[in-house]
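Trainee: If you want the building blocks of each chain, they are given just below.
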Amino acid sequence: MSTPAIETVRLRKEFSTRAGLRVAVQDLDLSVPAGGGVHGFLGPNGSGKTTTIRMLLGLARATSGEMRLFGESVPERLPAVIGRVGAVVESPKFSPNFSGRLNLRLLADAIGAPRSRVDAAIETVQMQGRDRDRYRSYSLGMKQRLAIAATLLKDPELLILDEPTNGLDPAGIREVRETIRGLGDAGVTVLLSSHILAEVQQVCTSATIIGNGRMLASGRVEDLLGASTAFRAVVPDPERAVAVLGAAGLSAVVEDGGVRVETTDAARITRLLGEAGIWLSELTTLRPDLETYFLRLTEAERLGREP
Amino acid sequence: MSDLSRLLRVELARYVHRRAVLVLLGACLVVPVLVGAMTLWDSRPVSADDHALAEARARAECMDRPRVHNDTAGSIDLGGLCLARVSERTEELLSRPPLDLDEEREGGSGPAVASLVAIALLLAGTTFTGHDWASRSVSNQLLFEPRRGRVWAAKAAVVSGAALVVAALVLSSYWLVLATVAEARETLRPGQLVDALQMGWRASGVAAAAALLGFAMTTLFRSTVATIGILLGFAVAGSLLLAGLGVSERWNPAMNLVALIDDGTTYYDDKCAYYDAGHPGDHSCAEVLSFTDAALYLGTIVGLVCVASDRSFRRRDVP
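Chains as they are written, first to last, in the numbering used here: chain C, 1 to 307; chain B, 308 to 626.
No lab work stands behind these hints, which were simulated from the structure alone.
Where a beta carbon is used, it is the ideal one built from N, C-alpha and C, also for glycine.
Just to be clear, a hint being listed does not mean it is correct.
[Claimed, not checked] Quick list of the computed label-pair ranges, beta carbon to beta carbon: (1) B:GLY540 <-> C:THR3: 47 to 55 Å; (2) B:SER402 <-> C:ARG136: 52 to 60 Å; (3) B:ALA464 <-> C:SER137: 27 to 35 Å; (4) B:LEU341 <-> C:ALA80: 48 to 56 Å; (5) C:LEU21 <-> B:GLY540: 27 to 35 Å; (6) B:SER555 <-> C:ALA80: 46 to 54 Å; (7) C:GLY129 <-> B:ILE537: 40 to 48 Å; (8) C:ALA80 <-> B:VAL543: 43 to 51 Å; (9) C:GLY46 <-> B:ARG623: 16 to 24 Å.
[Claimed, not checked] Under 10 Å between C-beta atoms, here's a sample of chain C residues computed to sit facing chain B: (10) GLY58; (11) ALA60; (12) ILE82; (13) LEU102; (14) LEU107; (15) GLY112.
[What the hints assert, rightly or not] Calculated from the model, a selection of chain C residues having no Cβ within reach of chain B, i.e. all distances over 12 Å: (16) ILE173; (17) ARG177; (18) ARG181; (19) VAL253; (20) TRP279.
If we strip away everything but chain C, and leave its shape as in the complex, we get:
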């Protein structure tokens, strides 16, 4: 088994506040395999996602626990692996009076990257023409694109992206989504923290869900969501279809103008309805989406019971 790109063991972070001690991350065991793919990192606001990312990148100190990037213990060995890791943490943070290009150039110079990589990064995020403008004049979407460009300066094997589509318009979101998917397919491991769950579901192969600083679930997205157990059938006469399916022992109800049927056997639905002379115009799998799963999980966590 290859070394994970990210691994945390019983990771914990406490903050001292006026109200007392606050535990932001508690005993988090996170493992993201290396070798490409997009791993979603999900959780409600204040669940500890950003704090975890900041600890992994050496911006915040862990109270206890272990962290490793590509098998190297961090923060002790962070300098040895930081060149393989690109990251956008929360909102983009650049010098507002410098141009986008100068901001990138200074970061590239810090790691000895050639200037040509700055040009390439600017081109990748399609900021040609605005790269010499002051950073403060950029829209939020442009700032976000510049932050992504900064991560590309390193030619990273691991990308950690914290809400990378914040402030982007729909076209921008789509572009970033395609970029992330492309990077994942090209062998870059991406840890994608986002609250836009539909977006995560579209690009992620695996995901970790946390709540109140604790891990609630982790695994392949398909495994998390489970197999489909229901279908939606659209027919001319829903009432009659419910009667036919019910007579065959299936649980069926009229729902939103169609028929919701609880079964794992789609062929049986088409056969039963066909034999009764009811012709299907649509049959859709009712797969629980990540958002439903996430809300069920985090709500259960909030109430302190099993999902």
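Using the hints, position chain B against chain C.
Mentor: Below, chain B alone, put in the same frame as chain C:
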């Protein structure tokens, strides 16, 4: 190129691209030019035109006097007396101290220029790093170079190194220009230029230390405003506070700064004066504060602040 030299280059580029820093570096050039120009103008030699103007003014003053004034001693021709003293009055009106480098170095424009340059460079060091914290771009920098000790050292080296070079160039140029003019006016005495240049170089060291202190404090407090507020508060109330606490002038930072720039100074010890109150005049309370003692004292303060700043930068979470 080594990692550290690369980092130094990056920080230097960041330093010279920051507008506020450029404005302050510009002030380091403009202020000495203005002060120097005023100094040279105020000490310019008397020309024939100046003499004619002064004489005309002296005569005009006599025109306002009555020709004859009666008093108990008889009549006096005040206007005539005034006219008899025209040449004396003309000399009075023309009295301008000649350019004297020793005067300028000890109490004239030299200390003023050195102080203003040091303050501007302190502010440059402060605003350079304060901007990083205000924009939070420091976290982005650390994503590319996570060795925080190196980042701190590179920024500190750039801030203090740039301050040293700028101050040395500006102050050396200042004294060289004044010495050139003094020589042309035949008022330059042997050894004056060397003394003035040495004072300029000592002041350059002070400016570099001031810039380093500004940087270190701002990194510690993560706020330009906090640093300036503390320094301003100490400048305004520090001496009073120390006097109120009965602390000897020996430990007054301002006194030590004077000793550094002037290569030693004299101060008066209040405790000594109290002890000798019964024997006035028998014993002098004047104490000498040497350059070395002042450098050790202020160097220790700056060093302690730097250690605290570096430790804080390495350990605290970065926003």
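Trainee: Look at each hint and say if it fits the structure.
Mentor: Results of checking the hints against the structure:
1. Hint check: GLY540 of chain B to THR3 of chain C, Cβ distance near 54 Å, so the stated range 47 to 55 Å holds.
2. Between SER402 of chain B and ARG136 of chain C the CB atoms are about 56 Å apart, so this pair conforms to the stated range of 52 to 60 Å.
3. A hinted range of 27 to 35 Å for the beta carbons of ALA464 of chain B and SER137 of chain C is consistent with their spacing of about 32 Å.
4. A beta carbon spacing of about 53 Å between LEU341 of chain B and ALA80 of chain C agrees with the range 48 to 56 Å that was offered as a hint.
5. For LEU21 of chain C paired with GLY540 of chain B, a C-beta distance near 34 Å keeps the hint of 27 to 35 Å intact.
6. In this structure, SER555 of chain B and ALA80 of chain C meet the distance hint of 46 to 54 Å, their C-beta atoms being roughly 52 Å apart.
7. Remark: the range hint 40 to 48 Å for GLY129 of chain C to ILE537 of chain B is upheld by a beta-carbon distance near 45 Å.
8. Range check, ALA80 of chain C to VAL543 of chain B: Cβ separation about 49 Å, and the 43 to 51 Å hint holds.
9. The hinted range of 16 to 24 Å is satisfied by GLY46 of chain C and ARG623 of chain B, whose Cβ atoms lie roughly 21 Å apart.
10. Against a cut-off of 10 Å between C-beta atoms, the interface hint on GLY58 of chain C holds, since the closest Cβ of chain B lies about 5 Å away.
11. Interface restraint check for ALA60 of chain C: the shortest CB-CB distance to chain B comes to about 4 Å, inside 10 Å, so the restraint holds.
12. Interface restraint check: ILE82 of chain C against chain B, minimum CB-CB distance 5 Å, threshold 10 Å, status holds.
13. A distance limit of 10 Å between C-beta atoms decides the matter here; for LEU102 of chain C the minimum to chain B is near 6 Å, and the interface restraint holds.
14. Contact between LEU107 of chain C and chain B, as hinted, is supported at the beta carbon level, the nearest pair being about 5 Å apart and thus within 10 Å.
15. This hint holds: GLY112 of chain C has a C-beta 6 Å from the nearest C-beta of chain B, less than the 10 Å allowed.
16. The beta carbon of ILE173 of chain C sits about 23 Å from the closest Cβ of chain B, which is more than 12 Å, so the claim that it is off the interface holds.
17. With a minimum CB-CB distance of about 23 Å to chain B, ARG177 of chain C clears the 12 Å threshold, and the non-interface call stands.
18. No Cβ of chain B comes within 12 Å of the Cβ of ARG181 of chain C; the nearest lies about 23 Å off, and the non-interface call holds.
19. Here VAL253 of chain C stays apart from chain B, with its beta-carbon at least about 53 Å from theirs, past the 12 Å limit.
20. With a minimum CB-CB distance of about 59 Å to chain B, TRP279 of chain C clears the 12 Å threshold, and the non-interface call stands.
Figure legend: structure checked against the earlier numbered hints; every hint is met.
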